[in-house]
Amino acid sequence: MTGKQPFRLPTGGRLIDRSKPIGFRFDGRQMQGLAGDTLASALLAGGQMLMGRSFKYHRPRGPLASGVEEPNALVGLGQGGRFEPNQRATTTPLIQGVVATSQNAWPGLTRDVGAINDALWRFLPAGFYYKTFIHPRAAWMRLFEPVIRRAAGLGRAPELPDPDRYEQAYGFADVVVVGGGIAGLNAARAAAQAGGRVIVLEQTGHWGGRTPVDHPDGQAAIDRVVQALRTMSNVTLRRNTMATGLYDHGYLLAREALADHDPNAGLPRQRLWRIRAGRIITATGALERPLAFAGNDVPGVMLAGAVRDYLVDHAVAPGRRIAVVTNNDDAYRTALAALDAGLEVPAILDARPAADGTLPQAARARGIRVETGTGIARVLGRMRVNGLQFCAQQGEGQPLGVIDCDVIAMSGGWSPVVHLWSHCGGKLRWDPATALFAPDPDRPPTGADGEGNVTAVGAAAGDLRVADLTGAVAEDSILPVWIVPANATRKARFKMWLDYQNDVKVSDVELAGREGYRSVEHAKRYTTLGMATDQGKVSNINGLAVLSDTLDQPIAATGTTTFRPPYAPLTLGTIAAEARGPLFQPLRRTPMHRWHEAQGAQWEPVGLWRRPYCYPRGAENRGDAVNREILAVRGGVGTLDASTLGKILVKGPDAGRFLDMIYTNMMSTLPVGKCRYGLICSENGFLVDDGVVARLSDDSWLCHTTTGGAERIHAHMEDWLQCEWWDWQVHTANITEQYAQIAIAGPRARAVLDRLGGMDLTAGTLPFMGWADGLLAGIPVRVYRISFSGELSFELACPAGQGLALWEAIHQAGADFGITPYGTEAMHVMRAEKGFIMIGDETDGTVIPQDLGLNWAISRKKPDYIGKRAQERSFMTSPDRWKLVGLDSIDGRVLPDGAYAVADGTNATGQRNTQGRITSTYHSPTLGRPIAMGLVHRGPDRMGEVLEFAVPGDSFTARIVDPVFYDREGTRANG
Amino acid sequence: MADMRPLAVITEATGLGMVLIRADLARAGDAIAEAAGLPVPDVTRFTADAGRWLGWMAPDELLLVLPGADLTATLAALTDALATEHALVQDVSDMRCVFDLAGRKPAQVLAKLCPVDPNALPADGLRRTRAAQVACALWRREGSGGHGNAAGEVWRIVAFRSVRDYLAGILATAAAPGTDLDPR
Amino acid sequence: MLTLTCPYCHVAAEETELAPGGEAHLTRHGPGSTDEAFEAYLFGRRNPKGVHFERWRHLYGCGRWFLAARDTMTLQVFGTYPAQSKYPPRHIVDAIRAARPGWAPDWDETSGDSAPGVGNDPAPNPTPTRDSFV
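Line by line, the protein sequences are chains L, V and G.
Residue 494 in numbering that gives the first Met the number 0 sits at position 495 of the first sequence, with consecutive numbering throughout.
Residue 121 in numbering that gives the first Met the number 0 sits at position 122 of the second sequence, with consecutive numbering throughout.
Residue 27 in numbering that gives the first Met the number 0 sits at position 28 of the third sequence, with consecutive numbering throughout.
In case anyone wonders, no lab produced these hints; they're calculated from the structure.
None of these values were measured; they are calculated from a predicted model.
We put the CB at the ideal spot given by N, CA and C, even for glycine.
Be aware that one or more of the hints could be misleading.
[To be verified] The calculated BS3-like cross-link candidates involving lysine-lysine, where the alpha carbons are at most 27 Å apart (straight line), are:
#1 Lys861(L) x Lys673(L)
#2 Lys85(G) x Lys867(L)
#3 Lys673(L) x Lys426(L)
#4 Lys867(L) x Lys673(L)
#5 Lys426(L) x Lys48(G)
#6 Lys19(L) x Lys3(L)
[Unchecked claim] Listed below are several chain G residues computed to face chain V (Cβ distance under 8 Å; list not exhaustive):
#7 Tyr7
#8 Cys8
#9 His9
#10 Glu13
#11 Thr15
#12 Glu16
#13 Tyr40
#14 Phe42
#15 Arg44
#16 Gly60
#17 Gly62
Isolated chain L, as found in the complex (with noise of 0.2 Å):
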């Protein structure tokens, strides 16, 4: 065993499986571990302490940590549309035969050309960038920016698609517990016993956080409450899941990992718990601080907190001789852990002047030497920790000596993981004494009651040693210390990293600093401080406590950049869960989707509904289909599903009164029987729907909507219902769905239905605008005589239920009239050459009816409707506005749609003046000429008038014309 894992010890690793060796690839080596380990325990044990490179300079690195917080360890995970980049090996469980990459690093980790800007560093100082490519202008799009884009980005995207599943769920709760360390699972007991139900998340796959790790009798405290919390029924213990932001009114993200540890197992890979909590309390623990020294990113200096997890989790040792450099008590464990593994210790060099504490004073009892008041002047070696030189802490850095080691197990202190507390609003203070931020009980977040509604427990309210529940020894203050040594020289701290992902040192803080940037937000914006996907976890606090020195003021007045969710990065999966591919968005279907989708129909996206745009024949293109449906329509008779138009049934002793106000002209006084075509417009005047209204009966109409209306028009309704006239007696229901609804339409469509049997529909029974309830086919239709095509038309409304078989049926009796399905395209080319509106063409939120040349739609007898006052205004009944004409192509090219008529001169801002833009343009098979429609400036005194239309490259012109192209008189529609 040891031959493939050199660095592991042989006996311990509370978390390892030793009869369970796991095979992996690193960088395309084959290695071994253990079950249980990480990606990064696998590989120190493995002797493989390179691990990455940095972003900006491509410093080779090492892990610095062994948990969420790790910047350095970041390896591409997996293969295919597995890939995963930016995975940090720490927390990434070692599953067998995985494949990881290391970054950043071209041809290989030990030979990288890019870091080639690591001999460049003193070029590369902060803002480097935006001094250096703001001239020239023009350089920045051809030269520097290229540039910049490829060199950026930390890893490569994945080129596959993700085959894995994601989910989501609610979850409920009156108090959920963020943290399964010994201060969250006792606060989990106490909340149990108080009743209520109890969601507890851990993020690992352990409980007890660092107890076991830091306490003799950790592990047995952590086991022993973990006991009793299974047996209350109230709890729900969760592990493998990290609360990843907390929001407004107790709404939790949190991401379980179910297959993480095994893609095969057939679950889930993760899922994204969307929790309402009563309470929630932070149990979140405490992240290490690194210390900036001359040296501090080379392989090998790692977080003393980590060397220990490394030795007591994974029986793995990061090195042979650990030296440990602290301002704390803390790092003693670390020592001490290291002895216990059969390490040696050359030296702990302790900042403060003087160490005596219990912790201390064990490890000079067990004949470690410890130097107080001294520092690291620099570390030696490049590629891995090979020796340090010491120094005064009060001092330049005159190296006083030099000590052999391997790894350098460092300690700044530790600061809360106060991110979620944040997120939401809870305020922090600075605590002098102890060196850290913590929440602030007298300023929490607060809940939908304006209660606090978060609480903070164990060491990420501050209370590192949580000593009440660990019993743990009592330690001596911390000496806050920043820089070793004090007084660095400018040399020494272009070498002390604050951020390692993004290469961020002392230097750069400082020199933003004396460039003014005072505000840390800014200041962590112009050196990239805190900006790497690690979101400065350990970079910080270290980073602000420089800064503040820099601006010579405490650190409380420098504050702390605003934390935001999520804690960790989310994979996309999660947020995405089921709403991919043909579940990615609900599409709405017709009763004949099937129908149409069998005949080839292209389909139309009309909001979430699925609409054939045409059906095309044989080799036909689409052009080809809609021109053939139009002549067919025109020329005999055709069908279209028009059920997705919205159907409102408005009801009640003032729905005359009601409908009055909400559409532009009269509907109280359309005699029953009889269909009106109506406007809709906003309150402040616009176009916003139309469609046709049938009186059903006295007390009932039925409002026609647009496919896109439906909803929204029902909800203007009910809003002016409920909000304005609630005393008014009206009832609406949308009820568009309960009916299949066919257009057809063309000289022969009487003749067609005729065919079906049950109704007169001679003009003399059914005229024009006129609608009639029967049985058609043995199906129980209501007929309107209506047309959106200009052609002779019924549109026929059935029980959904019941309209594929209508449909088929009409097909049937129409075949050898040579019947044709039509779809939406052929629709609106049909409406275009009678001059008729879309919704959405035509109008776009700026137009009024009045510029349609729709007065006759404007009731002028009503005192009031929705949308009059604004119709008012100066603006909307001045002459100048754009309004409706047809437009005539000169040369016979179909016009650019959208495209502006250009006019004499400038505007402000040196563009060419405009005086109209086309709306609508086709080519009109009917017509066999190009026909479009626009709104022109004074359009309709100006016909005959010749319009430039300019498009890139290109220019059309258009002479001004009545917009309604065929069958002025309306003579077919009527027969």
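Using the hints provided, position chains V and G relative to the given structure of chain L.
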């Protein structure tokens, strides 16, 4: 090892009649109850008997679900009973799709799709909400769900007709084997 | 993401089940109104940092519009009440005053006009600030 059976047995209910009733429920409640054959339910509840369910949809709105064969007569009875009221009675039998959820853990299927705590609903609870991206109503009824679920719960989920395929898809996905929400 | 309790069906709905409708208690100005009054009605909005009255619709639910009194800064909800209210009801006013002692209603129940108008001075709106950290 996880139980590798689906979380729920999902069946589509067809052939149902549905009637939308809008009226002043305080004034017209007795007339509605008589014509519908069921007492008017409390807020966010439903009443049920002999294959008929009467659900509270809004302060002035009820939905009657009944066997399709009873539709015509009941529709006429309701229309007649409310003839003198300001009321709206409308056949909406074709407007919706209906799925019943039984089996091992139907509530867990709903917990993945709806921002609702299914366990907090009473046995005659009706909760209008959304399932993923579409509006729906959840009708909870206790009964012999069978399939070994202890609570014997059965849920009915109702949505609009046009999104039937989508609803069927998300239900099946949420009920996929091995996706139990129980902690591991 | 907020939760608001619908005053009609008493369901505590989360924000994804609701549709927002902007400021509450606007008075409609129709034909015959002055340009100033109409402008204030159409465009004048308080947008306060603090106590605010809003329209919400229980869209994925009973479909009813209702009104909510809440603090736009702390997100505290003082209460919800029916849309058919010309002014916030007494118990809502009391709840706000209990939580924000310096706050005073800025409407005049006798004027019949609650439109804010662009020129209106906002009422005192004492809200604990969330953006200072020390």
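Going through the hints against the structure:
Between Lys861(L) and Lys673(L) the CA atoms are separated by roughly 20 Å; this keeps the pair inside 27 Å, and the hint holds. A C-alpha spacing of about 23 Å is found between Lys85(G) and Lys867(L), which places the hinted pair at or below 27 Å, so the restraint holds. Annotation: proposed proximity of Lys673(L) to Lys426(L) is violated, straight-line Cα distance about 66 Å (limit 27 Å). Simply put, Lys867(L) and Lys673(L) have alpha-carbon atoms about 25 Å apart, close enough for the 27 Å limit, and the pair holds.
Of the supplied pair hints, the one linking Lys426(L) and Lys48(G) holds, its CA atoms being roughly 19 Å apart against a limit of 27 Å. Distance hint between Lys19(L) and Lys3(L) is fulfilled; the C-alpha atoms sit about 14 Å from each other, no more than 27 Å. Among the interface hints, the one on Tyr7(G) holds; its C-beta lies about 5 Å from the nearest C-beta in chain V, closer than the 8 Å criterion. Taken as an interface hint, Cys8(G) checks out: its beta carbon lies about 5 Å from the nearest beta carbon of chain V, inside 8 Å.
The criterion of a C-beta within 8 Å of any C-beta in chain V is met by His9(G), whose closest approach is roughly 7 Å, and the hint holds. The closest approach between the C-beta of Glu13(G) and any C-beta of chain V is roughly 5 Å, which is under the 8 Å cut-off, so the hint is satisfied. Interface hint status for Thr15(G): upheld, as the beta-carbon distance to the closest one in chain V is roughly 6 Å, under 8 Å. The beta carbon of Glu16(G) comes within 6 Å of a beta carbon in chain V, closer than 8 Å, and the hint placing it at the interface holds.
Nearest Cβ of chain V to the Cβ of Tyr40(G): about 28 Å, over the 8 Å cut. The hint is violated. With a least beta-carbon distance of about 32 Å to chain V, the hint placing Phe42(G) at the interface is violated under the 8 Å criterion. Nearest Cβ of chain V to the Cβ of Arg44(G): about 29 Å, over the 8 Å cut. The hint is violated. Checking Gly60(G) against chain V by beta carbon gives a least distance of about 5 Å; that is within 8 Å, so the hint holds.
Restraint check, Gly62(G) versus chain V: the minimum CB separation of about 5 Å is within 8 Å; hint holds.
Going through the hint list in order, the structure does not satisfy hints 3, 13, 14 and 15.
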